[in-house]
Amino acid sequence: MRVYITAAADDVMKPKAPPPQQQQQQAARRGCRSVVVTGLLAGVLLFRAALLAIEAGASLCPSSTGCLDWRAGLGDWLYGGGDAMEEFMTEWKRSHREATLLDPVVVDAAPDSLDGLMAEMSAMTASYDRLDMEAVVIKITAMLLKMDRKVKSSRIRALFNRHLASLGIPKSMHCLTLRLAEEFAVNSAARSPVPLPEHAPRLTDASYLHVALVTDNVLAAAVAVASTVGSSADPTRLVFHVVTDKKSYVPMHSWFALHPVSPAVVEVKGLHQFDWRDGDVIASVMRTIEEVQKSSLDFHQCDGSAERENRRLEASKPSTFSLLNYLKIHLPEFFPELGRVMLLDDDVVVRKDLAGLWELNLDGNIIGAVGAHLHDADGGGTCIDKTFGDHLNFSDPAVSSLGLRSSQCAWSWGVNIVDLDAWRRTNVTKTYQFWLQKNRESGFRLWQMASLPPSLIAFDGRVQAVDPLWHLPGLGWRMPDAELVQFSTVLHFSGPRKPWLEVAFPELRQLWLGHLNVSDSFLQGCGVVE
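Per our numbering, residue 1109 is the first one in the sequence shown, and the count goes up by one each step.
No wet-lab data here; the hints were simulated from the structure.
Where hints are given, some of them may not hold.
[To be verified] Calculated lysine-lysine pairs in the DSSO-like style (CA-CA distance at most 27 Å, straight line):
| no. | residue 1 | residue 2 |
| --- | --- | --- |
| 1 | LYS1260 | LYS1279 |
| 2 | LYS1494 | LYS1538 |
| 3 | LYS1460 | LYS1494 |
| 4 | LYS1354 | LYS1494 |
| 5 | LYS1279 | LYS1377 |
| 6 | LYS1460 | LYS1402 |
| 7 | LYS1377 | LYS1538 |
| 8 | LYS1402 | LYS1538 |
| 9 | LYS1460 | LYS1538 |
| 10 | LYS1354 | LYS1279 |
| 11 | LYS1402 | LYS1546 |
| 12 | LYS1377 | LYS1354 |
| 13 | LYS1355 | LYS1402 |
| 14 | LYS1258 | LYS1279 |
[What the hints assert, rightly or not] Taking CB as the label site, the calculated pair distances span:
| no. | residue 1 | residue 2 | range |
| --- | --- | --- | --- |
| 15 | PHE1595 | LYS1402 | 39 to 49 Å |
| 16 | GLN1401 | ASP1461 | 34 to 44 Å |
| 17 | SER1508 | GLY1622 | 21 to 31 Å |
| 18 | LEU1222 | GLU1242 | 41 to 51 Å |
| 19 | ARG1299 | THR1344 | 17 to 27 Å |
| 20 | PHE1542 | ASP1386 | 16 to 26 Å |
| 21 | VAL1389 | VAL1294 | 35 to 45 Å |
| 22 | THR1534 | ALA1463 | 20 to 30 Å |
Backbone N, C-alpha and C define an ideal beta-carbon position, used for all residues, glycine too.
With these hints in hand, go ahead and build the complete structure from the sequences.
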């Protein structure tokens, strides 16, 4: 029962005004109550702010170890030590669960600001001449819940907007693709052979350094090639092989025909231009294409609405069902006359000469990659990027029975040296296709649809560890230490914040934009550069 003490009033006659001394006492009591309410609210807000800081510390700190110190220190300062903090947190979670049972109407009607709360408290005091402390606590709780909902809603909107921004292709890149296609139609120079006939013998000459890119992104390929040439101690040795799909072939050809990277040589080849005469090769490539298409259809079919929404977001990522990502498994078929090739992803910037990586002894292995360390994350080692457990579902018997370790450091694409001859002597491609199919048939329980997880299985035991300074991944997820950026050979923008998007980290984006010619008419006309 709520107890109110109200001023006596007559229904007919107006009450007499209290004497001045009594008015001063009432005003003093009201002022004291305001101070009490303000102090109570400030205390609650202080605790709530501290809790938000503690709960969100992992996302605010640059490293997990850095967070531990200040979070523990803050907890000790607020609660007087570890035991007191634990006791307080337990009580807070219990009371917070009770608070969430408040009527949503009460939460929606809660004040939006401290001024609003004080105004309601003043109105309550004026009406009843005394504060109902239970009502005050409910209003403050409802106000905090309302603030929480607003913060969470804003965070979700920000994450969703960032996700959408990472999926879209900027208008400037659409414009560039269309202009290059138009130029191909009206300008004979854009249709000139790439490479020129006199340079064609280099394409199969083992004395040159062969760099492959499998991509449909013209602008990204332009930066990857330009940065590699600009960083090379001897660019005359470089031969680039750009493999693209049919729809991107014309603008890709047009760009490199109009923007030669002499003295290096560039070849642009569409999937439709490969003249595979071996029936087994054609059947193998078609099997991969059909499996990716089947996976795309099955991935969108699921029962639960929550799972459906999750898959919709996952499938909206450009890399999830990008056919070119999966066709990397056919590098030996793409380059039948080459024994070795260096594979670059298109979202990279090369800052140093790659000749040392080209000459690396793979010791009988197929691929040289950063991340393939002998140490596990649990064994005192440090993984450069992710572990096998981040990519594969080890709770499924099909994965756990492979003999892999979830804590094992995972290698990644980005910059890799590949021994094609060693690859041809194995069944890696068939193993990749087998697991791609098995994951689809399992309902995608073995891993979320992606091209790397089956590669981790297929190439297991055939990957040579490479010095971490050759490859710095994850720049689409986080800002690395400036020292790592300075000393790394290849900067890899793996992650959603691609350097051609506005959501990219500004400092890193400038490193990428620095390899574009700001005076180029195509780039200026489409707003790629200012």
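When the hints from earlier in the document are held up against this structure, which numbers fail?
-> Those not satisfied are hints 1, 4, 6, 9, 14, 17, 18.
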